[in-house]
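Fit chain D with the ligands to the supplied structure of chain A, relying on the hints for placement.
Taken in order, these protein sequences are the chains called A and D.
Residue numbers for the first sequence follow our numbering, beginning at 1 and rising by one.
Residue numbers for the second sequence follow our numbering, beginning at 1 and rising by one.
FYI, nobody ran anything at the bench for these hints, they're computed from the structure.
Please read all numbers here as calculations on a predicted model, not as lab measurements.
Any given hint might turn out to be false.
[What the hints assert, rightly or not] Chain A is faced by these chain D residues, among others (derived, beta-carbon under 7 Å):
no.	residue
1	52
2	98
3	99
[Claimed, not checked] Each computed DSSO-like pair below joins lysine-lysine, with the alpha-carbon atoms no more than 27 Å apart:
no.	chain 1	residue 1	chain 2	residue 2
4	A	195	D	130
5	D	181	D	203
6	D	74	A	188
7	A	188	D	153
8	A	195	D	104
9	A	188	D	113
10	D	104	A	188
[What the hints assert, rightly or not] Computed footprint of chain D on chain A; a stretch qualifies when at least three of its residues, placed anywhere within it, have a C-beta under 8 Å from a C-beta of chain D:
no.	segment
11	171 to 179
12	189 to 202
Glycine included, each C-beta is placed from N, C-alpha and C at the ideal position.
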Amino acid sequence: MLTLKQSRRLNTLLVGGVSWIVALLLFFPIFWMVLTSFKTEIDAFATPPQLFFTPTLENYLHIQDRSGYFRFAWNSVVISFGATALGMLFAIPAAYSMAFFETKRTKGTLLWMLSTKMLPPVGVLVPIYLLAKQFGLLDTRTVLVIIYTLINLPIMVWMIYTYFRDIPRDILEAARMDGATTLQEMVKVLLPISKGGLASTMLLSLILCWNEAFWSLNLTSANAAPLTALIASYSSPEGLFWAKLSAVSTLACAPILIFGWISQKQLVRGLSFGAVK
Amino acid sequence: MADLKIRNLKKVFDDVEIIKGIDLDVRDREFVVFVGPSGCGKSTLLRLIAGLEEVSSGQIELDGRDITDVSPAKRDLAMVFQTYALYPHMSVRRNMSFALELAKADKNEVARKVSEAARILELEPLLDRKPRQLSGGQRQRVAIGRAIVRNPKVFLFDEPLSNLDAALRVQMRLELARLHKELNATMIYVTHDQVEAMTLADKVVVLNGGRIEQVGSPMELYHSPANLFVAGFLGTPKMGFLRGRIASVGAQGCEVELDAGCRLSLPLQAAGLTSGSDVTLGIRPEHLHRSSDERCHLKVKTDVGERLGSDTYCHVRTRSGESLTMRVRGDFTPRYGQELDLTLESDHCHLFDSQGQAIGQPLQQQVA
Ligand SMILES: Nc1ncnc2c1ncn2[C@@H]1O[C@H](COP(=O)(O)OP(=O)(O)O)[C@@H](O)[C@H]1O
Ligand SMILES: [Mg+2]
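Pulled out of the complex, with its shape left as it was, chain A reads as follows (with noise of 0.2 Å):
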């Protein structure tokens, strides 16, 4: 038998190995990514894979060569952050608008928007390039900030009504009752109330435009190409190169890799804001 106090070991040894062993596996991938892109080409092919080798960056220097990276990044930067922020003019005042003045649509409005988001994106592929071309808005960087907008705008309306529902009502009629205009009562008291919200809508936001490949290889080629595209680029037909594409995997996703392990803990507290409450 074991004592109370063994028992409750084992169990965190247990919880504790079982978390290493998923953290390990979901992380495995890109380890490995990171460690072919410093291989050469002939090591990155080698059978068994290898662990040990020279480093070398090679293919780093052939992307930057090649492509010009920081172009694309650039790219990325300037849509994912454009579309984020063209998001967040719309959401925050439609959520607003749900959660402190509901009406008998309200919940039938937010689901037949998230809705939308079930629709496969082939399916409006050849009215939207149509739409583009007509436009002139082919392989501009407006054309992605307004498709990114568009698509991500149920998710942030949604996780923002959620933040402000969650916000006494009180707390803005008393604002109300202090003589604040809308605008105010808004600036002044909803939105440093749930920064933490809006924080975390904003960052993932960034995450899904800056990882959206459909519409910006659809969508764009030589001039606003985003490093999705610049990705794809590189699995081309004349055969694969391991080692470079993984370079510039490894590349594409670093910015956001790093962007997210800084603000990771304003990401878990905005994610679980409603549950912790």
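Just chain D with the ligands now, with coordinates in the frame of chain A:
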């Protein structure tokens, strides 16, 4: 000055009439308490006055100005919420000065008003804290401070004490009464607690189902309830009720035959009384006595007793199965199931007709 007039005020939510035509006058420097059971529309009425809900029909006037459609901030009213509703991201100082800041008041003036309010409410050491660093009572004080700073014509309170523990509630109740005197303020106070209503109010407004049941001073309401609802709502323990009918009507009053098995003559005005009609007799615990007096023998069995030390509330059951509460001296300990003879003080009996409206008034109180 603060004279509030409410005329035929109605509020409909989703086709349901919640406030069903309220007429009320609140005079300058009055402490008016809205009291009623939960869900009767007290908060809604207060929010209509505050301007937080739109009026469906009717008028609200403040000092002769029609404010029915004026925005909340421009009504010159301040509200203290049940949940305090402090701005969590602002210090106590900024919570109190926020309204003045928005109104672009002079900086020195703002500082002076905030420190004045902080002094009155003993909040000076807490001015730089955030609301989450305060206890419930302190938060309540900040919420009151926020109202004081604005120097409103009328203070509105929505159950401000119901989130506090019992001891603190009593203390804050006294403080509010003192504040009302010190500030010479006009206050409207919502509560479901009839003790708060009785202790604080100059004027009590008893609400039920979106209507006013009765308006009056606490003592008027206690001694001359207009109907069964008010009679049963005010007073702890509750007034007891006995069914019966009018046996005869005379110049000196009337005789009532109670189902509980006794006949009682009451010195009540005869207007509206006909013999044979069904009535309900109400009697408060302090007007029931143990006795062998000949006037009325109400035979009862004791139920459980509640000892408070100074008094004992003895619950009893009549032969007709109606229960009454009797206040007796603290040293009397009733045995469970004991048979008792009771007399009713006929001067203090209330009679209600089959619609629950009070019939006449006790003759004595009419004189007083
Ligand atoms: N915004 C609203 N929408 C619909 N019904 C409401 C709303 N506010 C209050 N009510 C209804 O009005 C009635 C009275 O509510 P309230 O004034 O809060 O009661 P009280 O404060 O006396 O407990 C309740 O039945 C409540 O359901
Ligand atoms: Mg209420």
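Quick rundown of the hints versus the structure:
1. 52: Holds, because the Cβ-Cβ distance from residue 52 of chain D to chain A comes to roughly 5 Å (cut-off 7 Å).
2. 98: 5 Å, holds
3. 99: Holds. Min distance 4 Å.
4. A:195 with D:130: 17 Å, holds
5. D:181 with D:203: Status holds; Cα separation ~15 Å.
6. D:74 with A:188: 19 Å, holds
7. A:188 with D:153: Roughly 26 Å separates the two Cα atoms, so the pair holds.
8. A:195 with D:104: Holds: residue 195 of chain A and residue 104 of chain D sit about 26 Å apart, inside 27 Å.
9. A:188 with D:113: 22 Å, holds
10. D:104 with A:188: Holds - the C-alpha atoms of residue 188 of chain A and residue 104 of chain D are around 15 Å apart, at most 27 Å.
11. 171 to 179: holds (count 8)
12. 189 to 202: holds (count 3)
Of the hints listed earlier, there is not a single one the structure fails to meet.
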